[in-house]
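J.: Each chain, letter by letter, is given below.
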Amino acid sequence: MQLQLSPEMQAFREEMRTFFTTQVPKEIRDKGANRHHPTKDDFVTTQRILNAAGLAVPHWPVEYGGRDWTPLQRHIYREEMQLAHVPEPLAFNTSMIGPVLAQFGSQEQKDRFLAKTANLDIWWCQGFSEPDAGSDLAGLRTVAVQDGDEWVVNGQKTWTTMGQHADWIFCLARTDPTAEKKQRGISMLVFPMDTPGVTLRPIELLDGGFEVNEVFFEDVRVPSENLIGEVNKGWDQAKFLLGNERVGIARVGGTKGMLALAKELARETTYNGRPLLEDPRYASRIAEIENELVALELTALRVVANSADGKPHPASSVLKLKGSVLQQEVTELIVDIAGPLSVASFAEEGSDVPDWARVSAPEYLNYRKVSIYGGSNEVQRVIISGTILGL
Amino acid sequence: MQLQLSPEMQAFREEMRTFFTTQVPKEIRDKGANRHHPTKDDFVTTQRILNAAGLAVPHWPVEYGGRDWTPLQRHIYREEMQLAHVPEPLAFNTSMIGPVLAQFGSQEQKDRFLAKTANLDIWWCQGFSEPDAGSDLAGLRTVAVQDGDEWVVNGQKTWTTMGQHADWIFCLARTDPTAEKKQRGISMLVFPMDTPGVTLRPIELLDGGFEVNEVFFEDVRVPSENLIGEVNKGWDQAKFLLGNERVGIARVGGTKGMLALAKELARETTYNGRPLLEDPRYASRIAEIENELVALELTALRVVANSADGKPHPASSVLKLKGSVLQQEVTELIVDIAGPLSVASFAEEGSDVPDWARVSAPEYLNYRKVSIYGGSNEVQRVIISGTILGL
Amino acid sequence: MRRKVTKTDPGFDEKVWTQLAEMGLLGLPFAEEHGGAGAGPVEVAIVAEEIGRVLAPEPFVEAVVLAGGLINRVGSDAQKSELLTALSEGSSIPTFAHTEIGSRWTPTASAVTATEAGDSWTLSGVKEPVPHGARADVLVVSAALPGGGTGLFVVNGDASGLTRSGYRNIDGTRSANVRFDSTPAAPLGEGGDQTDAIERALAVGRIAYSNEAVGAMDTALRTTVEYLKTRKQFGVTLNKFQALNFRAADMYMSLELARSIALWATVVEMTGGDVVSAGDRARLLTSRAGRHIGKDAIQLHGGIGVTAEYKVGHYTARLTAIDHLLGDGDFAADRLAAKVGDYPTVDPLGAPYA
Amino acid sequence: MRRKVTKTDPGFDEKVWTQLAEMGLLGLPFAEEHGGAGAGPVEVAIVAEEIGRVLAPEPFVEAVVLAGGLINRVGSDAQKSELLTALSEGSSIPTFAHTEIGSRWTPTASAVTATEAGDSWTLSGVKEPVPHGARADVLVVSAALPGGGTGLFVVNGDASGLTRSGYRNIDGTRSANVRFDSTPAAPLGEGGDQTDAIERALAVGRIAYSNEAVGAMDTALRTTVEYLKTRKQFGVTLNKFQALNFRAADMYMSLELARSIALWATVVEMTGGDVVSAGDRARLLTSRAGRHIGKDAIQLHGGIGVTAEYKVGHYTARLTAIDHLLGDGDFAADRLAAKVGDYPTVDPLGAPYA
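Residue numbers (my numbering), protein chains in the order written: chain A, 1 to 391; chain B, 1 to 391; chain C, 1 to 354; chain D, 1 to 354.
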């Protein structure tokens, strides 16, 4: 029952907190605090600072820059980073393709990619989802056909987050269309985004931003050495990768920071002369969210303590589910604090609407995604009822 | 868009209100107001008063005591009755077997039963549900085998409400076990509860009361003339009957009365010297329930206006669903108003806990049933998504 | 189509606006002598619901119900004749400039003040966000009066000392920051304190928005149901997943309850009942229902639901905007809660429709 | 079995109580010199959770944690020695007589007043409902002091001027109306105002009840899951209905979050943190979770869930009682809400465990 930090871990936490709040440029962290998306440069700058300090890929094998931390240390590291509004190391690099390369890649592939991946010299994007295969990943239709020393890839991916910034893509393709089970006959290929035949179409989201893309492949020729792991065994790597994706998905630190912001905003916003923070309804709404957040943080710690050899504990579905709900509740709270000002989302110069109120509704709408991506909350309920409860 | 009462209907409502609040003994209505169950005598006394005034079975055919009212009039009649805490005419008699007899019975059966059914000279109970067939009514196992002029019934029923008061039972039994669809081969039989081979076991409920029973049939011999309608066509009658069961299930009048009581209790109950009714949390909780109740009442009126020839509008599932949820919310509200006194459910002489607080928790627990019986809320969602939305 | 229109100013289609005028919809609730059609709240509700159903970006509720409604109720005959005729013809679009930074749905004004000099009035201060405030030809402005109370004034779009900075809202419609600097203004009607008229106008606006929201929720639900029937995942259409169907059933329940109360509030307005409390009731329930349906419509669609390229998310965006323009659900609940102790039961069917 | 035991007074099994004493559980948190085991809050939590898991009607939290805890914290050495030894041995059951008709979970008393005459004290007034108040051998009674404040007193079960009327509670346990009529009483410990000690005792009681509730919720969920796996309807087991499985998944989520916070509050108590606020946090979440799980456990069972013959409804009944004995979720939420502006974030992992 490890629900308190030891003095060592308190010190470790202090160390992380100090690093993040002093070594990462304030202007980058302020953007996060004010609910603005980091730019590509912000991501790169931050990750290189972290990498130089050995803090970009602590969960990787030590030989490639990892730190051999306990799950608890990784947890503290992640939460402190979120709390400090530090843009996290690019998940596609550090949580997805990096660990896959370290686990499944050839020595040549490791040497070629891992250091650059850790330092964000290569910006990776993910080519998994397809238009007709959302939650049903294994239903993918993109095909790769062998032609001499090359694979020829045709098909379409979607929901490719920040694909517009990416140098390389890691991508699942069907390499054996005759396989009996649809999970078999899939392989993982990596290739540069400027390979001939690759085109990218940004998808505008409800908040007016462009963070996801469609990626089209038309006779894209990929050298055989760019296949990761064994041919037709790509599903193993996908499962390994998606398991990592759920780590840290509770996002307690990030939500805490948002809730602290909401308190400040509710203090500054008045109704009939009284700050909303003193309105029983708002105060109680904050108290309820905050209390669930406490419970979520403690649950995350229990999960961390019980997770063996990097495999996600089944209860991590609870973290994803509740974590996404709480994130959404805080964005909704902030829209409500903004009240009539929340409509003014794309206000320009000449407007007196404060910035936080302008971004409130776009963020609220954008955050609907957090219960959809990375395994929708419906998928999490399937996991909980099936894997945990045995239903 | 008939969301207001015409002067004629206002007058009709006034007439009903006056009758119920002056002709039904106050001591009986007070029991309802104080959340106590009516006794058998209360039911009988009330129904005979109503019947004498032509108000027990207004929805029946005119020749058997009906009033040829519009759906709106029936709606007003029902709501006013609930609002006045009048024990409603026994549903088993007036909404279930009565209409079935009027629709499917032989002339002999009508003459034999209908008048006594309207006047509660016969108290009927329902033998539909079985231990292994709850929501899945058609899965019933009770069998009736023909033997000369008699049917011999064996099997078991359950959830037989107020069966302990009943003179007769109407009951579904499988009369053709070889029928292809399980809905076919079922017949409806009626017989006295004191027929040899009928035994009854009361089931204690969480509130300590006995309102439902198990009924066992062991070689119960029923004369052939007691089969209602055609043999093996009992499912038609069951569907007809269950359609009627959902009428009035919104229970707006009853819930309104409970909410009015809750307001009074919240006014009398103080915390730190302030009535709970002035506590923003309680006031707001009451306002939300009350507003949904307004919406439910208006929706009931829309459904009533659109229901053709007695067939329930599919949206009546909304009434059942929301109606049950609101009933439950009010019972929960009253438990919370009672606070620490709510535990004292079976307090006796010598206790200072007011009566309303004593009955609050038993009623709350007992009311969990309203989202289960008469087609559970899950069944209602199946109906809405399937029948209305076409999913 | 809508996306294209809302990407460029004024955020709606001027041609469609002209068509609405030709169909007589812009003068619907006004007297024939003022160019109107002399129709009632029920007809207005039908139009508002249709606006919501197709997510039309044209400012029907804002111009006709809110601004037009105030002119019609408070304005002098001359003002009605001029302004309502022009509105009905489609030649002049009015708006109600009332919201101020820091005000939360109150019927009073404080950031804009009115000053009298001789026979004439000027206004100074800032209103924001003002619906389609940059495009509007004429503004009905609430302002703090020198002797207390809140007055209503008419300001022409080309008045001196008027600065307007428009922008796009979350739902694709437009708002503006509107600055008054000793801007000439004419009192609406007889002048004086109009707090009650504003409270009533806001209530009527809440009812109209409730009807618009019902239309939007209806389409959001229909779109979702259609998606569940056709979208395949794991080899079957989504409606094979009972948990999803049940959520659609709950959305239907929310919609029908909201529809009932929006209809009813419209009838209350028509029959002269307590429109302020009916407006709160409609606002409360359509707020709760709008959030429920708006969120679940996106969730049941999955990723496509949050894109700007697919329609369902825009319905959620509009529902979110409606939810905050004239008061959110909590605001309405608090106002109703303050009075629950005053009566034992609500009788929505009885006169005068309390 | 439990039904039979709870049908007759004292509502629990005296033999089981003796066994609990023999296992050392009744003296768990007390010093060895007072017959106790010298264990900490964690061990108490484990027992409370087990009590909840099997729905034992024995008043462990009421006698050991609440009454025993107060005696242990406030009592004199002599009182501890006498009362805690007797409690630990199972020979004397104490109770905390604190709740009054009209009090709602406050740490103060007003309906029972204490009067001093010479060296001795008497109490007059009524306490109700007092947990197992008719059976209790000794009562720790809160009373308004002559000079203000709330004191704590020890009253023997056979004291003069003591009238006790016991009855059955909704969950099968017992309460009583306890009347004091110039009843002789001894101050607990040094006497004087004990409001803070009472507030603390209530907080520790809330934490213990949270652990008991977690145990009860755990069984309620397991029972429901088992039912879904085995009960057939429409020819298949209920777990073929995704909508039902999803509800079980949500129940699991509620349970695990509640379990985390109950564990944590126990650790806060152990390490000397802010036990009052931790008690409120645990109370809030276990209240929300208890209602959610209690209701849905019945709903997913269908008709059998509301019968007294099947166990699941009794878990809901106990959860309902726990939810109202020392403060409901709204009560806890209001107390936490009053302070949310005092700090930016909660850090449950840092000392002193705010």
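It should be emphasised that the hints constitute simulated quantities derived from the structure, not laboratory data. In this text, a Cβ means the ideal position worked out from N, Cα and C, and glycines have one as well. One or more hints might be untrue.
[Claimed, not checked] Pairwise CB distance ranges (calculated):
#1 Gly235(D) <-> Glu204(B): 27 to 33 Å
#2 Asp158(C) <-> Asp30(A): 38 to 44 Å
#3 Gly102(D) <-> Gly341(C): 15 to 21 Å
#4 Glu218(B) <-> Gly139(A): 53 to 59 Å
#5 Gly235(C) <-> Asp111(A): 38 to 44 Å
#6 Gly102(D) <-> Glu264(A): 37 to 43 Å
#7 Phe234(C) <-> Tyr343(D): 43 to 49 Å
#8 Ser182(C) <-> Glu14(A): 21 to 27 Å
#9 Gly341(C) <-> Pro184(D): 41 to 47 Å
[What the hints assert, rightly or not] To give a feel for the contact side, a few chain B residues facing chain A, derived at Cβ under 10 Å:
#10 Asn154
#11 Asp279
#12 Pro280
#13 Arg281
[To be verified] The calculated SDA-like cross-link candidates involving lysine to any residue, where the alpha carbons are at most 20 Å apart (straight line), are:
#14 Lys229(D) <-> Thr387(A)
#15 Lys181(A) <-> Met162(A)
#16 Lys4(C) <-> Phe210(A)
#17 Lys339(D) <-> Asp132(A)
#18 Lys7(C) <-> Lys311(C)
#19 Lys229(C) <-> Asp132(A)
#20 Lys7(D) <-> Leu55(D)
J.: Does the closest beta carbon of chain A sit nearer than 10 Å to the beta carbon of Asn154(B)?
T.: This interface hint is violated because 35 Å lies over the 10 Å limit.
J.: Are Lys229(D) and Thr387(A) close enough, with their CA atoms no more than 20 Å apart?
T.: Holds, at roughly 14 Å.
J.: Return holds or violated for the Cβ distance of Asp158(C) and Asp30(A) against the range 38 to 44 Å.
T.: holds, 41 Å
J.: Is the hint on Arg281(B) kept, meaning its closest Cβ partner in chain A is under 10 Å away?
T.: Holds, because the Cβ-Cβ distance from Arg281(B) to chain A comes to roughly 7 Å (cut-off 10 Å).
J.: Please work out if Lys339(D) and Asp132(A) have their alpha carbons no farther apart than 20 Å.
T.: violated, 49 Å
J.: Given the range 37 to 43 Å, decide if the beta-carbon distance of Gly102(D) to Glu264(A) lies inside it.
T.: holds, 40 Å
J.: Given a hinted range of 41 to 47 Å, is it respected by the beta-carbon distance of Gly341(C) and Pro184(D)?
T.: Holds - the Cβ-Cβ distance for Gly341(C) and Pro184(D), about 45 Å, lies within 41 to 47 Å.
J.: Between the beta carbons of Gly102(D) and Gly341(C), is the distance compatible with 15 to 21 Å?
T.: holds, 20 Å
J.: Lys181(A) and Met162(A): Cα distance at most 20 Å?
T.: The given pair, whose Cα atoms are some 32 Å apart, is violated under the 20 Å limit.
J.: Any CB of chain A closer than 10 Å to the CB of Asp279(B)?
T.: holds, 8 Å
J.: Does Leu55(D) lie within 20 Å of Lys7(D) when you go C-alpha to C-alpha?
T.: Holds: Lys7(D) and Leu55(D) sit about 15 Å apart, inside 20 Å.
J.: Taken at face value, is the distance from the CA of Lys311(C) to the CA of Lys7(C) at most 20 Å?
T.: holds, 15 Å
In this structure, the earlier hints numbered 8, 10, 15 and 17 are contradicted, and the remaining ones agree with it.
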